[in-house]
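Student: Start from the sequences, fold in the hints, and give me the full structure.
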Amino acid sequence: MSSSASTSRGGGLAAISSWGSSGALPAHGKWHQLQQSAAYRPPTKTKQGPKKEKAGKGEDAAGTEAAGEASAAMYEDGGPASTDAVRVVLQAVQNVTPHLDVRTIRTATKTTYVPGVMPSEKGRSLALHWLVRAAEARKKSSKGAFAECLALELLLAYQKRGAARQKRDDLHKLALQNRANLHLRWW
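Each residue of the sequence shown is one higher than the one before, counting from 1 in full-length UniProt numbering.
A hint or two may mislead.
The following label-pair restraints were derived from C-beta to C-beta distances [stated by the list, open to error]:
hint, residue 1, residue 2, range
1, His183, Ala147, 40 to 50 Å
2, Ala145, Arg87, 20 to 30 Å
3, Glu136, Arg87, 20 to 30 Å
4, Ala147, Ile105, 14 to 24 Å
These are computed hints drawn from the structure, not numbers from a lab. Backbone N, C-alpha and C fix where the C-beta goes; we use that ideal spot for every residue, glycine too.
Tutor: Here it is, written out as structure tokens:
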């Protein structure tokens, strides 16, 4: 058994990091090469002629164009396309992963928020959930494919922007605002 194959068996994140250095990922028991082309750019919507806007959809059409321009701009010099795809995804998930948690408890007649430290597994799971939900929301507001919406959301998370990162920041802000209630934590 080769040393690269043994890293995929028990390594967790260390194994995933080693995949990025070799440029290969296991898929159904076989090794497949990642397509690493710095010249690759996702297709942008370049429609010729006048734009026809539907009633009530003017903001969505402008948002789709802005998202297309943003994704094209991200692929220019030094963007994520010039780095390893696995590292971009891992960094995007890490940028969205929350470290603080807020639980609600009832004291007498009022509800109080009590902050705490979130376990890393729960934080990672929540980050992935937020990324998928943000991509689904983007899919509903645009006419692009889900894969394109998820890719754009991952790229925004890689740059510490986007809806998923905003949710993380809001949760951290709520935890910091309620740090005076930390003495109520009993679990």
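Student: Now, for every hint given, state plainly whether the structure supports it.
Tutor: Right, here's what the structure says about each hint:
A hinted range of 40 to 50 Å for the beta carbons of histidine 183 and alanine 147 is consistent with their spacing of about 47 Å. A hinted range of 20 to 30 Å for the beta carbons of alanine 145 and arginine 87 is consistent with their spacing of about 24 Å. Range check, glutamate 136 to arginine 87: about 25 Å between beta-carbon atoms, so the 20 to 30 Å window is met. Look at alanine 147 against isoleucine 105: about 41 Å separates their beta carbons, and that is not inside 14 to 24 Å.
Against the hints set out earlier in the document, a violation occurs for number 4 only.
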